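Colleague: Next come the chains, spelled out residue by residue.
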Amino acid sequence: MLVVLNKDAFQIQREQDVILFRNRVKEFAVRIGMGVVNQTKLITAASELVRNMLRYASGGEVLIEVITRGRENGIRLTFKDQGPGIPDIKLAMQDGYSTGRSLGLGLPGTKRLVSEFDIKSTVGVGTTVTIVKWKNG
Amino acid sequence: MLALLRSKKPQILERWIQHQLTLDTLRDDLISNDELREQSEGIVNLIVDQISEQTLALDPYALEPILEYLSGIAISRARHGFSPRETSFYLFSLKNAMLDMLAESAGSDIAALYDMTRSLGRFFDELSTSTFETFIKGREEVILRQTDEIAEISTPVIRVWDQILAMPLIGTLDSARTQVVMENLLQAIVDTGSEIAILDISGVPAVDSLVAQHLIKTVSATRLMGAECIISGIRPEIAQTVVQLGIDLSQVITKATLASALKSAFSMLKLEVRKTQSQKPFLI
Ligand SMILES: Nc1ncnc2c1ncn2[C@@H]1O[C@H](COP(=O)(O)OP(=O)(O)O)[C@@H](O)[C@H]1O
Ligand SMILES: [Mg+2]
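Sequence order for the protein chains is A and B. Counting in the working numbering, the first sequence runs from 437 upward without gaps. Counting in the working numbering, the second sequence runs from 42 upward without gaps.
Please keep in mind that the hints were generated in silico from the structure rather than gathered at the bench. Don't take each hint at face value.
The following label-pair restraints were derived from C-beta to C-beta distances [what the hints assert, rightly or not]:
| hint | chain 1 | residue 1 | chain 2 | residue 2 | range |
| --- | --- | --- | --- | --- | --- |
| 1 | A | GLY536 | B | SER301 | 31 to 39 Å |
| 2 | B | ALA217 | A | GLN447 | 19 to 27 Å |
| 3 | A | ASN572 | B | ASP289 | 27 to 35 Å |
This structure is a prediction, so every number in the text was calculated from the model and none was measured. Virtual Cβ for every residue (Gly too), placed ideally from N, Cα, C.
So that you can see chain A by itself, here it is in the shape it has in the complex (with noise of 0.2 Å):
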């Protein structure tokens, strides 16, 4: 059974924003006790999504939240947007696809960063991805 131990919602409105929102997903992860190792991968697939939520779809919030599982304690990461919505999501996990004259490695590289994706996105809705860590995962 999962349990939510601790959540804090983050409004992501600006380029600023991003470093905060960072800081923010990194004391969470240290207060878990998560190897620097695990803890870039969590905050650069936390910058990859964040930084997608306000080019495309002019920011949005995310959730973070401490969860348990068993014995496996984690991370888990809600990002939120009212965008455009992604119309071909296959298409956009592909590497180096990219609307934005990008590398076009934000989600498929956020994939392999974390130990669960999920991506559910609605054109002319919104797009919401989650995203979750293990401590030892």
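Knowing the structure of chain A, use the given hints to seat chain B with the ligands on it.
Modeller: For chain B with the ligands alone, kept in the frame of chain A given last:
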């Protein structure tokens, strides 16, 4: 009642200034008494002249000139280092001065006095809330300006050897910052005629795909100038993350430490560093 307030304008100003001088939030270190009087006079003139049924009903259109004037003052106070508390008390003491005036002159019409007190209370709540918001905006501007300044000063280019430059990067590389870094670096390459530039990212907390793209762009620009660029200070956790993210750094020379980057810069320039043969004997 409104007419009464208007006729008592000079007294309200005097009373307000008296109030302020007794407050412990008075900051005569930040503003001289003359300036304070001038600022206060401006506010009293404006508020007492503009006060009307509409402004008291918080009609946004009627409030606008007052709010605009007060936001100018709030921003200037924020820049001068006043705390939000000091600025709030400044306004609240004007309310008290006006209420005192009313109480002294209103006579026996308690109901009317009560109504007016409530209206003035709401009016000042609105003013101080809005001034508070502006105050915060003023502070945010200060922070943004400082961010720019930090970006400027935190990208020094160091000439570590003849024809070798090093640039330690600290903090996050956003688009604006990359621009500064790149300009500084390219200019320094031209100015010093350097062959090799070392970008040290030991102080960069995370390399995501945007930062990587900026780094790659900087390396290409350096090569276009005819120089070579080495990226050093790649910590093990950063290396693992970058690989998993799928970033291709195969075209970039990377080193774990600044020392090893310097070593390969030496060998690229066919320089050799070694111990001298003839050690002078130590004299004890
Ligand atoms: N939150 C979002 N809202 C709308 N579109 C998005 C969002 N996130 C990603 N996308 C789309 O998915 C594409 C791939 O994203 P990503 O893998 O991060 O690469 P990049 O950001 O470099 O383009 C983007 O170019 C964009 O078209
Ligand atoms: Mg992206």
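Colleague: Take the hints in turn and mark each one as holding or not.
Modeller: Each hint, compared with the structure:
{"no.": "1", "hint": "GLY536/A x SER301/B: 31 to 39 Å", "in the structure": "35 Å, holds"}
{"no.": "2", "hint": "ALA217/B x GLN447/A: 19 to 27 Å", "in the structure": "22 Å, holds"}
{"no.": "3", "hint": "ASN572/A x ASP289/B: 27 to 35 Å", "in the structure": "29 Å, holds"}
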